[in-house]
Each structure stands twice: as structure tokens, then as C-alpha cells.
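Undergrad: Top line first, the protein sequences correspond to chains A and B. In our numbering, each residue carries its 1-based index in the first sequence increased by 4. In our numbering, each residue carries its 1-based index in the second sequence increased by 1113.
Simulated from the structure, these hints should not be mistaken for laboratory data. Hints should not be assumed to be uniformly reliable.
Unchecked claim - If we take Cβ atoms under 10 Å as the criterion, some of the chain B residues that face chain A in the derived model are:
no.	residue
1	Ala-1132
2	Phe-1158
3	Gly-1197
4	Ala-1200
5	Arg-1220
What the hints assert, rightly or not - Here's a subset of chain A near chain B, in silico, CB distances under 8 Å, partners left out:
no.	residue
6	Ala-23
7	Val-24
8	Lys-26
9	Arg-47
10	Thr-69
11	Phe-93
12	Leu-105
13	Phe-107
14	Gly-110
Cβ coordinates follow ideal geometry from the N, Cα and C atoms, glycine included.
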Amino acid sequence: GENVEQHPSTLSVQEGDSAVIKCTYSDSASNYFPWYKQELGKRPQLIIDIRSNVGEKKDQRIAVTLNKTAKHFSLHITETQPEDSAVYFCAAPSPGGGNKLTFGTGTQLKVEL
Amino acid sequence: AAGVIQSPRHLIKEKRETATLKCYPIPRHDTVYWYQQGPGQDPQFLISFYEKMQSDKGSIPDRFSAQQFSDYHSELNMSSLELGDSALYFCASSLVLYGYTFGSGTRLTVV
Chain A
5 GENVEQHPST
15 LSVQEGDSAV
25 IKCTYSDSAS
35 NYFPWYKQEL
45 GKRPQLIIDI
55 RSNVGEKKDQ
65 RIAVTLNKTA
75 KHFSLHITET
85 QPEDSAVYFC
95 AAPSPGGGNK
105 LTFGTGTQLK
115 VEL
Chain B
1114 AAGVIQSPRH
1124 LIKEKRETAT
1134 LKCYPIPRHD
1144 TVYWYQQGPG
1154 QDPQFLISFY
1164 EKMQSDKGSI
1174 PDRFSAQQFS
1184 DYHSELNMSS
1194 LELGDSALYF
1204 CASSLVLYGY
1214 TFGSGTRLTV
1224 V
């Protein structure tokens, strides 16, 4: 099945700095890569996604880049704010049909004042 | 916009009891998924349904079963509960793979 690895597991940045979270995947046929933000005890919420026909997608302070050759994709958050503090999960489709996602192990992002 | 509705939000059960979790997907979404998330862990896929038929099965114990009904809502039935079943259970729905949206989850505590 799909193997999704996510790094780092924890990330601490100063307010205003940038944060980058990286994920690698194993199935070269994967074509959809969402990122979720999860606050403590709440549901994962989709913040941005990218399909394999583009290399980069941006939405205000958030961007995702995809390198299909290397099979990795990254989340970039610029001008971080305290409310960006949360756990971020990357995901990729699991092979074999059913449209299920395999999640990375999560990154705990802490934005310090 | 309508979201994925899950009930109950919290549930406390004793060991060996049975629990039923309910999920109402976003209208016109054709796929429903169930995930289990332990403390500090990523969501683990349990089972999914596409157009009311089971479409995929993950790490779901034999003690658990699920189904999707004619109105597209889904129920996860958990029997012979164990302490290790305590977790957040999320339902998600999507149209094919896109618009993948999670419900607010049910926090199950087994005591």
C-alpha cells in the first residue's frame, strides 16, 4: 500500500517566520495530495491540496509544492501567526481503489510570540 | 454549507458493551469513510462505502461492523468494547476523492 512519511514531527517557529513541512510518498500513481490542519480535539480540516498535473499551488500565506520525480510534496506557510499552531497532516491516495487516504504521521507546529 | 454530521459527540461505554456511531455525509457525496484516531496519532482508515456498498476495508477489528443506508447515512457498530478502543472516530465524505471533508468526530471512552 501507500507509504507516506512526514517530517518534521515537531516544528517551532517565531511569529512572522516561515514554516515548511515535507512529505514523501511511495506510489508513483498517486495524483492527489491534500494537507489537513487539526487543532486539539477537532476535526482535520482541508487547508490546501494539489493534483499531480501542477507543481505548485498557492492560497494566501499557504503554498504546496509537488515534485513527482522525487515523490515528495511540501507545505509552506509564510508570515506565521499564533493561530497557525496546530497539527498538520499530509495525505496521499491509497492504491487499490476505494479512494481512501493514507495520512502522514503529523507535524506539531508551534508558532511562538 | 452543509457539513458531515456525526453523532454522538461524546460517548462513554464500559468494557464489553456495544456502541453505535452515526454519520450523515455531505449531500451528493458518494463515498463515506470511517477513521480511528488515537491520542497523538494520525487518523487510521477503518472502512469505506461507495454508493452504499462497502468499497474498502482497512484495519477494522472483526468486532466492528459498518453499513451505509438508503439515505446515505452510515453507522459504525462496535461490540465487545475494549479499553484500547478509546479514541476519536471520524467520519468523512467525498465526491470520488475530492472535497474530502471530515465530521467533528465522536470521542469514545471505554472504561
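Undergrad: Now tell me if each hint is right for this structure.
TA: Evaluation of the provided hints:
1. Ala-1132: Violated. Min distance 19 Å.
2. Phe-1158: holds, 5 Å
3. Gly-1197: violated, 19 Å
4. Ala-1200: violated, 12 Å
5. Arg-1220: holds, 8 Å
6. Ala-23: Ala-23 of chain A check fails; min Cβ-Cβ to chain B is 19 Å, beyond 8 Å.
7. Val-24: Hint violated; Val-24 of chain A Cβ to chain B Cβ min 19 Å, cut 8 Å.
8. Lys-26: violated, 16 Å
9. Arg-47: Holds, because the Cβ-Cβ distance from Arg-47 of chain A to chain B comes to roughly 4 Å (cut-off 8 Å).
10. Thr-69: violated, 20 Å
11. Phe-93: Result: holds, 6 Å to nearest chain B Cβ.
12. Leu-105: holds, 7 Å
13. Phe-107: holds, 4 Å
14. Gly-110: holds, 5 Å
Of the numbered hints given earlier, the model fails hints 1, 3, 4, 6, 7, 8 and 10; all others are met.
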